[in-house]
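In order, the protein sequences belong to chains B and G. To convert, note that position 34 of the first sequence is 34 in full-length UniProt numbering; the numbers rise steadily by one, no gaps. To convert, note that position 3 of the second sequence is 3 in full-length UniProt numbering; the numbers rise steadily by one, no gaps.
Don't read these hints as lab results, they were simulated from the structure. Please note that a few of the clues may not be correct.
Only pairs whose alpha carbons sit at most 35 Å apart, straight line, appear in this in silico DSBU-like list of lysine-lysine [as the list claims (entries may be wrong)]: (1) Lys55/B x Lys3/G; (2) Lys3/B x Lys46/G; (3) Lys14/B x Lys3/B.
Given the structure is predicted, the values throughout are model-derived calculations rather than measurements.
Number of protein chains: 2
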Amino acid sequence: MKKEVLIEFGIRVKELRIERNLSQEQLAEKSGLHRTYIGMIERAEKNITLVNIQKIANAFDLSIKKLFND
Amino acid sequence: MKKEVLIEFGIRVKELRIERNLSQEQLAEKSGLHRTYIGMIERAEKNITLVNIQKIANAFDLSIKKLFND
Numbered sequence: 001m002k003k004e005v006l007i008e009f010g011i012r013v014k015e016l017r018i019e020r021n022l023s024q025e026q027l028a029e030k031s032g033l034h035r036t037y038i039g040m041i042e043r044a045e046k047n048i049t050l051v052n053i054q055k056i057a058n059a060f061d062l063s064i065k066k067l068f069n070d
Numbered sequence: 001m002k003k004e005v006l007i008e009f010g011i012r013v014k015e016l017r018i019e020r021n022l023s024q025e026q027l028a029e030k031s032g033l034h035r036t037y038i039g040m041i042e043r044a045e046k047n048i049t050l051v052n053i054q055k056i057a058n059a060f061d062l063s064i065k066k067l068f069n070d
């Protein structure tokens, strides 16, 4: 059973990526992560670590705080 | 070399725990995590995952957003 927090995070990453007209490939390149990893994050198939959350936040030029809804 | 984001998160968790007069043991019990794991998080020795970040946020009765500074 996929964890709610991972589903919400995946939706948020996809939302931010599309807002910025980035492909998964481009977000992967900007964040220094692998394209398949980005896909897995968006599908909530990976329990992402804090260091990688920071890399994704940096790629979007956002604080980690801004990656999460209230 | 310890990652800056892990050091900041560890400091934040310890700060919130002490504010609430909780021991590591008590925070571990409330979050469903192991006491030694809480210690390692506070010392930035663990690259915590999002699911465990959620457990710690729940233990403090905070949203994940509130665990991070701007």
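Here's how the hints hold up against the structure:
1. Under the criterion of a C-alpha separation no larger than 35 Å, the hint pairing Lys55/B with Lys3/G is consistent with the structure, at around 12 Å.
2. A distance of roughly 21 Å separates the Cα atoms of Lys3/B and Lys46/G; the hinted pair therefore holds under the 35 Å criterion.
3. At most 35 Å may separate the alpha-carbon atoms for a hinted pair to count; Lys14/B and Lys3/B meet this at roughly 17 Å.
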